[in-house]
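**Student:** Protein chains in written order, with our numbering: chain A, 1 to 203; chain B, 204 to 543; chain C, 544 to 1056.
Treat the hints as calculated values from the structure; they're not laboratory data. We put the CB at the ideal spot given by N, CA and C, even for glycine. Heads up, some of the hints might be wrong.
Computed list of chain C residues with no C-beta within reach of chain B, every gap over 10 Å [said to hold, decoys possible]: (1) Leu638; (2) Ala664; (3) Glu743; (4) Gln966; (5) Arg1000.
Straight line, CA to CA, 27 Å or less: simulated BS3-like cross-link-like pairs of lysine-lysine [said to hold, decoys possible]: (6) Lys172/A <-> Lys940/C; (7) Lys109/A <-> Lys1014/C; (8) Lys1014/C <-> Lys1025/C; (9) Lys109/A <-> Lys940/C.
Given next are the chains, with one letter for each unit.
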Amino acid sequence: MLALLSDQPLLAALSALLGLGAIFGALLGFAAIRFRVEGNPISDQINAILPQTQCGQCGYPGCRPYSEAIADGDAINKCPPGGEETIQALADLLDVEPQPLDAEHGIEKEPVVAWIREDECIGCTKCIQACPVDAILGAAKVMHTVIADECTGCDLCIEPCPVDCIDLIPRKEGIGFWHWPLPEDRAPRFDIIATDTLARDAA
Amino acid sequence: MSLLKVTSPHASGQSRVSAVMRDVLLATLPGVVVLTAYFGPGTLVNIVFGGLIAVGCEYAIVALRGRDPKVAVGDLSVLVTSTLLCIALPPYAPWWLIAIGVLTSVLLGKQVFGGLGYNPFNPAMVGYVVLLISFPVQMSAWASPRGLAEVPGLMDTFRHLFAPTTIDAVTAATPLDLLRQNTGLLFDDLLTSSPELTGWGGIGWFEANLAFLLGGTWLLYRRVFTWHAPIAMLAAVAICALMGYDGGSSQSGGSALFHLFSGATMFAAFFIVTDPVSSAVSNKGRLIFGALIGVLIYLIRTLGNYPDAVAFAVLILNFCAPFIDHYTQPKVYGTGSRES
Amino acid sequence: MRQIHDIHGGIHPPERKALSRPGELEPAPLPPVLVLPLRQHLGVPALPIVNVGDRVLGGQTIAEAQGVMSVPVHAPTSGTVTAIEARSIAHASGLQDQCIVIETDGQHEWLSFTGITEWRALDAAALVEHVRAAGVAGMGGAGFPTAVKLNPGPTRPIETLLVNGTECEPYITADDTLMQCQADELIEGAQILAHIVSAESILIGIEDNKPDAIASVEAAIARSGAEIELATFPTKYPSGGEKQIIEILTGHQVPSGGIPADIGLVCVNPGTAVAAKRAIIDGVPLTHRIVTLTGEALASPQNVTACLGTPITALLTHAGLNAAPQQRIIHGGPMMGFAVSDLNAPITKITNCLLAPTPTELPLPEPAKPCIRCGHCAEACPASLLPQQLYWYARAKDQEQLAEHRLFDCIECGACAYVCPSQIPLVQYYRAAKGQIRDSEQEKRRSDNSRERFEARQVRLETEAAEREAKRAARKAAAQSKAAEDGADPIQAAIERAKARKAEQASEPEQTP
Ligand code: SF4
Ligand code: SF4
Ligand code: SF4
Ligand code: SF4
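Isolated chain A (complex conformation) (with noise of 0.2 Å):
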């Protein structure tokens, strides 16, 4: 064998390769036997994935219901909150291909919260009972406000209130919520903003 091998500069180099592989190959192999980590059943480690504004837009009544359904094999790429992010995250936790947004489901949207025009409102308590976090404070006659911090931007609450005073504003907006963007590939490194500030003052 050996002197075969050593006649055989080609099959030396070729075993030489092939061993390396396999050694490596049992390597990983143990490795992933060794660390693996021991988890929460399937759906728990999906629900903690899912972003939980419990809007029901996939379908299902909360993140619950759809990532026990995603364990039983229902497609990733319902969740429009969580939108190519989650579809990401899960895509690596099932170790399937990310698939684009169901469209069917909706459209990946600037995070939301509700806020109701206080003056407006009747006191119905019909947008309490639909909220699915109960961010929603309030008692009959008086008027309601949302715990914006609670709030998950869900839109469930719009449709139940019978005077339209709840509105939808961004979650994020300001300077608080600003960071940097990562930078683009190959494109110029500097953007050019048109002012006039210096010829106003000149003038």
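Add chains B and C with the ligands to chain A, keeping to what the hints say.
**Tutor:** Here is chains B and C with the ligands on its own, set in the frame of chain A:
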């Protein structure tokens, strides 16, 4: 007036990729001159011919990928790849050998991964190994040094490129071949047994190694790379050779000086191992990276089937670089001890 | 002599400090309109307490702090409030933020202030309150509320008050000028701050490229007779980073994710020390600051004392801006500053420099090339990070690896991008990645909270349903037992009742349309 919006930092240093590559090319000059002086214009012709093919190939492929080919060629990295490969090829190689090598380097070694910066393996070595495995005969046909044989002139060499029969009997065994084929002689006797082996590393070989050492030192001085990988590799080769020397019996692996100054040792240390893209990233990682290459070079030289082993050693360690990186992250400011 | 330690990495960009003639200080002209952002510091914006149309006096509080991480705003001179609205501010985003706009009247009418000369008799809490009320925020660049910094808590005893006079960024000479012109106030301020945090020693660190500042601080220390140590160390960027100067002068590192107080230090900018002195001894709030106006596009680069809220354009015009058709105006220094996108934006408490370079002076960056993993960036990184790996993972949005490679220990100094031969805007990648990670952490918190609330609601609905069910069952049981007593079948009875109702309905005429 309009305002320009640019991200910080607004000041930038002098270093540029094309300048780095230009420096590397310049640093190969002493070595190429010495090789030409001793083995004739073969290497020079290799480099010119290989460079033309490489630039053409890179230009075409980058244009096909919808990027700006002038930018890609302008960074000179493709010339560095082809030049390094062509230095490693035997002088007076046939044109197709060079062409296949260069094309493999550029296409298989670099562009399939996405071009400069994305290649996990040293492109020049990818080309070299493919040639070595596919065409072992042509790849081991190294030229005889001046003084032992007639060295062809420049025109002959060009003619030879396309009509490989015009020059014959220019090939000779390299010192490393002689060492590997040695069966009965004590190491010191071996050195005197053959005219090729005069000097520490063999005629021409010693001088070429010195020249590459010179070029490498200049690159170090220019801070093109840090000392870690090359010095670690040289140290590892030397230490292994010392351990395997056993006073110079016929079984010995050859002296440390011989290993340092023969074959492609210095060329590898300063021009191959230092390829930043495919090596480990941290200084500590590069120490390990270089040292392991050194060990492998020695082992393959003395135990393996191939006389010189740089290409295999480098490729294997390129493969290991991510693992090395994982275990050699430097200690970050403020982290007394890194948790794993 | 204190032992000076070296830090990892660092670079030596051209300093260009002489351009703005450090040591000479002039007041800037009063602009007709001042725009005072409610957030000139790190934290929660201040709350306006004046109304449009109010006349305000110099030094008057016009917006008060909202909570601990907030700093009040004062009128820098007398005038009338003409608007409280969103205006362009000097911010990397180019976005607008709430500001109070004051039309100045040129009367310079000020409130009268009484200072505290016997500050040594007061306890720390009272002094901190004065510092807070005077609106002092870190003047080195980040604008951290000083009162918060002076309150490290009982678990963190402070040994040393460190005054960071490094000013390592090229071009900027505001601190240099301050140390030359206001050295006595600086020393007094440092003593007050040390008293507040009960530090045993005071240490002032200055880079050795400022011999005049060193001499004048040395003289001021001698005059004060206080025991204050002055340490000088070699010039290198970014020695002035808080963590870096601490390592240089003490040899200790601030633990990752920690603050200097964790190792017994409070580190302040000289400008902050002077502001603290004025807040305590003179009782005067922070309404002005020293700004370096520099760059070759200015006819007369200089240092000025300007009112907070002065529009950038007024200062640049004062210094003789000779703008190119496409001009870059940098707020801060060339390494960490950002390009402003509206020259009407005002200067704030953190504005130490306005830089107007010519295109040859600071050439525009070339398009980025791929990273060749040359490692120059890792050589230059003062935090010993691997910028090339961070860059890779930031592109891949791999948050796990970014954490593993300690993205959040990056101080955004820009040394890596400075040396990068591929001209990659590395710092922007890190800023973006940090922003994304903070965002997704926040979203995670939100969604965890929503999940809990959703599940709590499910439980509530279920228990309510169960209760209803139980009640129904109870009623049914009661009815059954009653029926058993009456001897009649309840179902039969119900059917009877329904029949009766139907008959009744049928006999009535249709009422509803
Ligand atoms: S679509 Fe709405 S309810 Fe469904 S998983 Fe997404 S957020 Fe949850
Ligand atoms: S549904 Fe509309 S009107 Fe009724 S309580 Fe809610 S907000 Fe008020
Ligand atoms: S300096 Fe630039 S090119 Fe070099 S390793 Fe760092 S990021 Fe890559
Ligand atoms: S910007 Fe961050 S990664 Fe770059 S050198 Fe500074 S600390 Fe290091």
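**Student:** With reference to the structure, classify each hint as holding or not holding.
**Tutor:** Each hint, compared with the structure:
| no. | hint | verdict |
| --- | --- | --- |
| 1 | Leu638 | 13 Å, holds |
| 2 | Ala664 | 38 Å, holds |
| 3 | Glu743 | 24 Å, holds |
| 4 | Gln966 | 7 Å, violated |
| 5 | Arg1000 | 39 Å, holds |
| 6 | Lys172/A <-> Lys940/C | 21 Å, holds |
| 7 | Lys109/A <-> Lys1014/C | 44 Å, violated |
| 8 | Lys1014/C <-> Lys1025/C | 16 Å, holds |
| 9 | Lys109/A <-> Lys940/C | 21 Å, holds |
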